[in-house]
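**Q** Here's the letter readout for the chains.
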Amino acid sequence: MAETSTEGTGTIEALSLVPKAEARQSMKDFKSDQEVRWCPGCGDYAILAAVQGFMPELGLARENVVFVSGIGCSSRFPYYMNTYGMHSIHGRAPAIATGLATSRRDLSVWVVTGDGDALSIGGNHLIHALRRNVNLKILLFNNRIYGLTKGQYSPTSEVGKITKSTPMGSLDAPFNPVSLALGAEASFVARTIDSDRKHLTSVLREAAAHPGTALVEIYQNCNIFNDGAFEALKDKQQAEEAVIRLEHGAPIRFGADNTRGVARDTATGDLKVVTVTPDNEADVLVHDAHAASPTTAFALSRLADPDTLHHTPIGVLRSVDRPVYDTQMADQLDAAVEQRGKGDLAALLAGGDTWTVVG
Amino acid sequence: MTSQVSRTAEQADGTNAEEQREPGGTKGVRRLDRVIIRFAGDSGDGMQLTGDRFTSETATFGNDLSTLPNFPAEIRAPAGTLPGVSSFQLHFADHDILTPGDAPNVLVAMNPAALKANLADLPRGAEIIVNTDEFTKRAMQKVGYSASPLEDGSLDGYSLHPVPLTTLTVQALKAFDLSRKEAERSKNMFALGLLSWMYHRPTEGTEKFLRTKFAKKPEIAEANLAAFRAGWNFGETTEDFAVSYEIAPATTAFPAGTYRNISGNLALAYGLIAASRQADLPLFLGSYPITPASDILHELARHKNFGVRTFQAEDEIAGIGAALGAAFGGALGVTTTSGPGVALKSETIGLAVSLELPLLVIDIQRGGPSTGLPTKTEQADLLQAMFGRNGEAPIPVVAPKTPADCFEAALEAARIALAYRTPVMLLSDGYLANGSEPWRIPDLDELPDLSVQFAQGPNHTLDDGSEVFWPYKRDPRTLARPWAIPGTPGLEHRIGGIEKQDGSGNISYDPANHDVMVRTRQAKIDGIEVPDLAVDDPHAARTLVLGWGSTYGPITAAVRRLRAAGESIAQAHLRHLNPFPRNLGTVLKGYDKVVIPEMNLGQLATLIRAKYLVDAHSYNQVNGMPFKAEQLATALKEAIDG
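So the sequences go chain by chain: A and B.
So in our numbering the end of the first sequence lands on 346, straight run, no missing numbers.
So in our numbering the end of the second sequence lands on 643, straight run, no missing numbers.
No lab work stands behind these hints, which were simulated from the structure alone.
Cβ coordinates follow ideal geometry from the N, Cα and C atoms, glycine included.
Any given hint could be a false lead.
[Unchecked claim] Rough simulated footprint, nothing fancy, chain A against chain B, three-plus residues with beta-carbon under 8 angstroms: (1) 155 to 165; (2) 281 to 291; (3) 299 to 308; (4) 574 to 580.
[As the list claims (entries may be wrong)] Keeping only pairs whose Cα atoms sit at most 27 angstroms apart, straight-line, the calculated DSS-like set for lysine-lysine is: (5) B:Lys175 / B:Lys117; (6) A:Lys329 / B:Lys214; (7) A:Lys137 / A:Lys151; (8) B:Lys218 / B:Lys175; (9) A:Lys18 / B:Lys474; (10) A:Lys148 / A:Lys137.
[Said to hold, decoys possible] Pulled a few chain A residues facing chain B out of the computed Cβ check, cut under 7 angstroms: (11) Met73; (12) Gly110; (13) Asn111; (14) Leu320.
The following block holds chain A by itself, in its conformation from the complex (with noise of 0.2 angstroms):
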């Protein structure tokens, strides 16, 4: 599969375009000399020590790297990164990074974002770079709220939300962004959480991997306005039954002592729960990522309770290839070049029917 890395060169298919650095690099180089100022046990920290710490496992030229970002608490973000970056404007980053890679097919181009900027202001822009399959790996943190205006309800938020812009509780049904990236043809669709540092880290490198865009939803701590949201994922007596961990080719099974696994249910074709037996063990799923197919991704994704979060999926929920956008375009013009020879402006200028003025 292209989306895994060539043993013994290092190199991986979708950044084989990306020049290498010349030095080995550590965590440290990736930091930039600004003072983060996320607010004190913020779930942000986290994520960014992680992104710092997996970055030089890319061997990356660092001039080569880019993050572009839109607007919110997440999208401070690339100030805080020692590549280049742009802190953008509001919900529009995928559109950014778009032309920016399409344009620039030697860099490795990230979008952060959050849930009321990718979702909300930006929902058109994160769809249409789903379908494009543009090489992207977009970070979406969710953190279910409104952070930098201070404590609204978001587009992931649980209805009935209690918050300053809904006192009488939220009315909105969420979105499960998973969901709606699978629903967007998206090629690559990833859930992982702020705290669990190895599991974002593997997440991260099989979405760097990936030729094409790669949706990266990350379950992240709001301490001030919206703290314990993912408490359930992370509570470890909790979180045995509330998070489903998927690999590729495992079958699905969690819960104390893995007792509990996901099988068909065979009146409807939908995904369920099962308490796992000797007798049913054969009927568990046996996750496939690359399946051609989202449906059973898409299924799973809805296995999650909304409200509790019970039965969460984390890990790569989809990953396949597709044609990438940006490859294709690159493609079109050298095509164009070999079909009609490297363009001749004065041959354009002058088009088919002229006229010739005497002085």
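Position chain B relative to chain A; hints supplied.
**A** Just chain B now, kept in the frame of chain A:
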């Protein structure tokens, strides 16, 4: 220069003619110095194509010309109705002309609606060619004719040519295996053939065009050719057309060179490709389809072998966003749109102002507000271009004055954007976009050098002696900041829409710094070097007419009329709306009166009055159509006398 009105042997319609008999021929040939033809029919009748072909024939022949396509926003408006009428007006001459003409000398009306919708524009004595087949009772009733205008005497003042165009076309195509409906479709080619005979147009171009266009359907190509030739032969044989007309090539009107006919949008697209070559930067267009700008997207999409990337975005905002992202990466970023799209792009233009990156925003203005009149022209986005953003967000504004001038305007916009690292607004409009005129094809060595230097290394020494890169340390002459593109080692930096510290570019909320940055961004735009305003004033006039954009043609035509009538008037036309030319204030103060005609309610006049405290008089028209020279001449005369 030959004036449109100064000839002594002038006809009632403003043309000059002399008649002669061809030796050996039975039909007379009249020489004219200029003609205005309008083709009008249903939106599905192919009038734009017919007009385009006649224009190409005329360009090849060497006349000066100017065109005005006029069509409804609906693709197929209800057949036979007044709102569904589509027309194409062409003015061509043996001398240099400036406008598509005020009033047609010839109207080709394919149905009753086309006659009714256009008759009021015709002077008495004009020739009207009507397709009598379409003048059925029902079709006439549909547009409110209770009696046939072909028979009730209402057209007595005109030279009427009733021609059963549909029947003749169908007869001519009898040999082809076509249904009646299919055969009828070629009636526009029959009309084109007839008009081509009437005006001695060369036909090779149209024959070649039809063969190429229908290369995959040779039967259809041959049918259209047959209809075209039948129209020509009809003119030659029928007694109804006693004379044909010659309009000599405009040999003395043009400087020496090789010419072609070009529309504004095509010239603009070519200008962008030329700018990309002159800057040695890849062109990236991020755009969303919108009338009347889409043709630029279509054209650029055809030229990928120039390294041109075109990105049809999900919306206007993504179009400019992608262009800005590409600019960050070192491309010549361009977005094309019309007024409603500019409104959506405003926030991103503001970001580009803050990021200080080169970016071209092309606004093909149309009637507004809101959706307004999508296919009609207007100049009402000037103040939006100037001020339509939050905060103090100044951007340069340039405007082309004729269709062919769109080429140079694109190069000029690119020059400013690249040299000053700023978004630039180019204000074209629907009239320039779709109108066409002859263009002297420039030699490549005439094109300006737009080369840029990307930042290569540190540009600042800190107190401790260390060498660093400061993304907002400016060139002292232009106040432009360095353009450091990703992939350049050692210059890694972060930029954004939050206020930046002068020099280092780090986030800064310091009040004094913000004051400095706001003033610096303004000073950068104010300091852009633009050529002085040229004034055409041969007779030391006391009244100046000042224009901008596409009003150049009508204003100049009006000025010529006035001067031919012995009036003194000075004329100046602004390419640069922001910043204004340095000498503009002095120029304005040199006149007792300043008149500013605009296709809006006085937007340039507002800017001029505010900046120069000059009591500029505004003359306005917002009917979706360009000014007519006669109307402007009258208004300017009143200003001179007033």
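**Q** Hints first: check each against the structure and report whether it holds.
**A** These are the hints, each one checked on the structure:
no.	hint	verdict
1	155 to 165	violated (count 0)
2	281 to 291	holds (count 3)
3	299 to 308	holds (count 5)
4	574 to 580	violated (count 0)
5	B:Lys175 / B:Lys117	32 angstroms, violated
6	A:Lys329 / B:Lys214	25 angstroms, holds
7	A:Lys137 / A:Lys151	9 angstroms, holds
8	B:Lys218 / B:Lys175	18 angstroms, holds
9	A:Lys18 / B:Lys474	23 angstroms, holds
10	A:Lys148 / A:Lys137	15 angstroms, holds
11	Met73	6 angstroms, holds
12	Gly110	10 angstroms, violated
13	Asn111	6 angstroms, holds
14	Leu320	5 angstroms, holds
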